[in-house]
Amino acid sequence: MADGQERVSAVSTDGADDRALLRGVAAGDKEALRQLYDRHSAVLFALALKVLTDHAEAEDVLQEAFVQVWKTAGSFDEGRGKPLGWLIMLTRSRAIDRLRSRKTRTRVTESAAKDALQTGEARTPADEALVSEGQRAVRAALKSLPPEQRVAIEMAYFGGLTQFEIAQQLSQPLGTVKTRIRNGMIRLRELLGGKGDQRP
Amino acid sequence: MTHEAFREMLPLYVVGALDGDELHNFERYIAENRERCIAELAEYQAVADQIAMAAPSAKPSPNLYDRIAAAVDAGKRLAPAPAAAPVRRPARAGFPLGALIVRLVPWAAAAVLAVVVVNLSGELRDVTHQLQTTTDSYNNLLGKSKDQQGSLADLGSRLEAQNRDFGEKLERLRTRNIEQQHDLDAMRAANKQLSDEKDGLLRAADRMREQIDQQNLQTAVLQKKMDEETSSLDLFMDPATRVMALVDPKGESKAVAKVYWNGGRKTGCMVVSNCTPVQQGQGKCLELWAVCGNGPPVAAGIGWTDNSGHAAFPVKLAKDVACIDKFLVTVERAGGVPAPEGTPVLGPQ
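Going line by line, the protein sequences match chains A and B. Using this note's numbering, the first residue of the first sequence is number 128, and each one after it goes up by one. Using this note's numbering, the first residue of the second sequence is number 19, and each one after it goes up by one.
Don't take every hint at face value.
[What the hints assert, rightly or not] In silico BS3-like links for lysine-lysine, alpha-carbon gap of 27 Å or less:
#1 Lys157/A to Lys276/B
#2 Lys334/B to Lys276/B
#3 Lys243/B to Lys268/B
#4 Lys77/B to Lys209/A
#5 Lys334/B to Lys198/A
#6 Lys243/B to Lys162/B
#7 Lys344/B to Lys272/B
#8 Lys270/A to Lys77/B
#9 Lys272/B to Lys334/B
#10 Lys344/B to Lys268/B
#11 Lys198/A to Lys157/A
#12 Lys334/B to Lys242/B
No wet-lab data here; the hints were simulated from the structure.
Okay, chain B solo, but in the shape it has when bound:
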């Protein structure tokens, strides 16, 4: 028990409300911690004692103290005290003994009888009180014992009822638990099926995404081609576009080419056929040159043929020129050169 618990129980103790183990523990704590408890206990005890003053005023019988005094006297006489003085009063000197006896016997007998009666009455009252007290204590203990037996029987029946109730609840809980376990298994199976379906859908989505990416890529390539073809078509359809035919200047091959050039748009393209193949990745390229009057050739784009000697590539002037009188094609190092190094393989007719 802590001192805090002592303080909690102290108000209940001083009005006599504590019982059972609480009372036992409380009193044991006081006995073991007397110095610490005594002041607080006295303070609350004084408060409890004052409650007695709240009882409605009442008077005992006027002769009550006489009864108390008689009981006190009776108690004194029960103790090993000297006998009552009157019967032991010494005889007065000068009186003959016989005469004294004769004169005093009736009075002495009466006095002794009175004293004996009083003594017996007091003793009887005291013994009666003691007997009553003992009987009260016995009845009290008997009553407590019966109360406790009744409480124990009641407690036993309540425990039995609680035990039955607990067993029934436990059985219901077990049944419910089994049902819930079945439900849980079904939910797990359904969850696994859903999870598998989800994985399948995810994989399908991935495949579709890859297909869409490929299609987007193809669409972009096609779009680029279409843009180029549209651009070429525009070029070809424009009346301002000039078409200049090129052939092998030496006449040794059937290589031919046509250059479509639109001066207003500063764009054009060249289409080559039957040329000695100059394929990409072999260190060479075809390079187109634009010539204005007697000026130096200006680089106008590079390209490669396929393995049958056909090629098509855009015209891209390296710098602006005042005019273009003719185009030449030479075979140069891959990537092109700033000025022609090889002899023309195609030139104006």
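Just chain A, with the same shape it has in the complex:
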């Protein structure tokens, strides 16, 4: 397995290579699956861990996601986006489903929302070394949002909460939550929309 640096740097790799790998996976090439894993497992695992906050569960999700890739790579529609976007969707969906299925679901409370503000900030020099330029750009863009917009977006994306649930937990009107998410995403599109090759 490639080390973390190799995997993270692969995030910015052009989607054309990923498409070739996915075609290989669809044809039953396990080496292609291995390369796909080496390229993206770090980002996908970080995503699953962010959602579930449990290392073992995050690994289970990643395993399920790649088994799913192995089984359904042939159904990937190349016209609808890049492979990494598809991988992110598979991983996030499974992580959110698992989060929602917990009997005692961890509520994303105010303290969790405050924790969400830490997203995108490398915690250690070692961690910083693993961060790609694309990741830095995304984190900087998120950090530049007003805190209330950033919290609402992260509660939805990482916490798997609906707008109604976010409004309840933040004790804010539903319309306010909608506006925060909408304005935050519009701003993110302005900041990140033009970063062609770094987009998943």
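Using the hints provided, position chain B relative to the given structure of chain A.
Chain B only, in chain A's frame:
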């Protein structure tokens, strides 16, 4: 749903924030308008996917891929694929079958056992994963169902409370409405009374105004009379005023008159008594003439008597005269004439 609404909801959709009817309507709109929506959806989806990059960096266990590879292999073996090659490897030529069996049975048994164990382990893991997934889905649905039941119960109790509150407010509003209706009736009655009083006052004011107008008219008449009397009094009191008495020149009647003439003021008046009545509206009038020396008579005013033959009217010379030696009075056509046409009925004594 309009495309504008689609654009409003799109940022919420890509981060998974939409729910309920909004989510249903949004996805139905996309399905029905795929060509129109696909580019915008892909653009925002790409932005949402980048949010994943903001998660703090983390590494999975080094052996995770081995687990994935094992799960993949287990999945392959579950499919109707050929059995594992090692147990089906054909025997090599030149070895007697019995000896081969004797030599290979322990190893073959061990290999088959190993393969079976691996297969069973993989299948068990896969089945466990599937079972876990199914259990998770069931728990998820159960959790959602409980949440919805709780929400419905909460909604029901809130509706009931709102209904009670609404009923109480409605009753208070009814009571207040009745009170206000009473107040309104009282105000209407008071307003009608005030309106009647106002009409009475207006009518009284009209009457007073008419009285004042009449009084003003009478005052004007009296003022005119008073001015005339004051003027006459001034005339009579002025020492320069001459008084000339006139009588019937023929001596046939008791008609007399006095002419008061002030040459300095060029004003005067004549008072007639016992004259044969010459009343206004009968086509005739008395006309006064002033005579200077042998000059022609100059018109000096006209007037009428009452039915008892009394008259008083001012002297008004038609033109300036050098002197006035005497006055004459004739009966002329109504309105007067420039020169006497009738015989004098009054003249100097």
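Hint check:
1. Lys157/A to Lys276/B: Judged against 27 Å, a Cα distance of about 158 Å means the pair is violated.
2. Lys334/B to Lys276/B: Holds - the C-alpha atoms of Lys276/B and Lys334/B are around 15 Å apart, at most 27 Å.
3. Lys243/B to Lys268/B: This hinted pair is violated, its Cα atoms lying about 35 Å apart.
4. Lys77/B to Lys209/A: Measuring from Cα to Cα gives roughly 23 Å; hence the hint holds.
5. Lys334/B to Lys198/A: This hinted pair is violated, its Cα atoms lying about 140 Å apart.
6. Lys243/B to Lys162/B: Status violated; Cα separation ~112 Å.
7. Lys344/B to Lys272/B: holds (20 Å)
8. Lys270/A to Lys77/B: holds (23 Å)
9. Lys272/B to Lys334/B: holds (26 Å)
10. Lys344/B to Lys268/B: holds (17 Å)
11. Lys198/A to Lys157/A: holds (12 Å)
12. Lys334/B to Lys242/B: Measuring from Cα to Cα gives roughly 18 Å; hence the hint holds.
When held up to the earlier numbered hints, the structure conflicts with 1, 3, 5 and 6 and fits the remainder.
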